[in-house]
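Participant: Line by line, the protein sequences are chains A and B.
When the letters of the first sequence are read in order and numbered with the numbering used here, they come out as residues 1 to 120.
When the letters of the second sequence are read in order and numbered with the numbering used here, they come out as residues 1 to 124.
None of these hints come from the bench; they were simulated from the model.
Predicted model only: the values in this text are computed from it and were never measured.
A couple of the hints might just be wrong.
What the hints assert, rightly or not - When the alpha-carbon atoms are kept at most 30 Å apart in a straight line, the in silico DSBU-like pairs for lysine-lysine are as follows:
no.	chain 1	residue 1	chain 2	residue 2
1	A	Lys31	B	Lys61
2	B	Lys117	A	Lys76
3	A	Lys31	B	Lys81
4	A	Lys57	B	Lys81
5	B	Lys113	B	Lys61
As the list claims (entries may be wrong) - Far from chain A, some chain B residues (derived; all Cβ distances over 10 Å):
no.	residue
6	Gln20
7	Lys56
8	Lys61
9	Asn85
10	Glu86
11	Asn89
12	Arg90
13	Gly123
All C-beta atoms, glycine included, are put in the ideal place defined by N, C-alpha and C.
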Amino acid sequence: MVGLMVILTHAPFGHENAFAGLYTALAAQTKNVESIVILRMDGVYAGIKGQEEPMAKIHLPPTEEVVNDYVGLDGKIYAESESMSNRNIKAGDLIEGVIELDAIAIEKLILDQGERIVVF
Amino acid sequence: MLFSGPYGSQHADHMVRIAQKAGEKGYDVRIFLYGEGVHAQLEGQSPKAFLNIAEKLKEFKTSGADIISCVRCSQARGYVKGDFNEGANRYPSEKAMDAVRIFSLYGFIDQAKDAHKVLSFGGV
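Full structure from sequences and hints, please.
Facilitator: Okay, structure coming up:
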């Protein structure tokens with residue numbers, strides 16, 4: 001079991017959820033608590049690379065930066081392939097370190113590792 | 001973890017009912033208020049037709065629950081007044097109830113890392 005599993009279901013901008021979830025996972029990783037982030041539904045948008053710096057235009061915090069920091073601390077982050085394909089997101093669109101997994105593998109991960117799950 | 005406000009949805013009501021049952025079953029109850037959930041720390045709530053979330057949090061605290069509110073979320077919503085008080089191990093507030101300790105997100109990690117279960121309310 002990992003220390004904490006964070007499931008993101010919201011896109012990074014428009015709601016606070018994605019940033020809050022990523023920040024929570026980053027805090028866990030910073031405190032050496034092993035964590036996993038799963039991007040499902042609209043949460044997969046948080047895994048797309050090349051997002052513009054949002055603070056400059058819409059005054060929202062940059063989730064791509066948090067993903068990079070999280071991956072840099074060996075945090076594991078997975079994007080569900082079905083949610084990606086529904087939204088025409090390709091593997092090449094993902095931030096480096098975000099790993100595509102199919103729904104069966106994601107569900108196995110949740111069942112095997114997800115004793116402490118927070119959903120955003 | 002509560003991620004939505006005390007009223008306007010049933011998330012907070014659901015959270016306190018689960019926490020109540022968990023406490024009755026002998027579990028240590030730990031509550032983290034995050035995002036809009038920090039509004040549950042406001043002193044002086046007086047809902048007419050809803051369960052008073054503030055009063056329930058005070059009851060939990062009296063029973064030994066650990067209740068923390070995210071400092072960044074609290075600052076954004078006007079609850080924090082002043083710098084971190086090291087002696088009290090909390091940020092000061094004139095609006096938040098004493099039963100809730102305003103602290104960093106690391107407080108949640110400490111609450112969660114050895115928890116039997118972690119439940120989140122209001123994130124979806």
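Participant: Each hint: holds or not?
Facilitator: Hints versus structure:
no.: 1; hint: Lys31/A / Lys61/B; in the structure: holds, 26 Å
no.: 2; hint: Lys117/B / Lys76/A; in the structure: holds, 21 Å
no.: 3; hint: Lys31/A / Lys81/B; in the structure: holds, 27 Å
no.: 4; hint: Lys57/A / Lys81/B; in the structure: holds, 29 Å
no.: 5; hint: Lys113/B / Lys61/B; in the structure: holds, 20 Å
no.: 6; hint: Gln20; in the structure: holds, 21 Å
no.: 7; hint: Lys56; in the structure: holds, 21 Å
no.: 8; hint: Lys61; in the structure: holds, 22 Å
no.: 9; hint: Asn85; in the structure: holds, 21 Å
no.: 10; hint: Glu86; in the structure: holds, 19 Å
no.: 11; hint: Asn89; in the structure: holds, 17 Å
no.: 12; hint: Arg90; in the structure: holds, 18 Å
no.: 13; hint: Gly123; in the structure: violated, 4 Å
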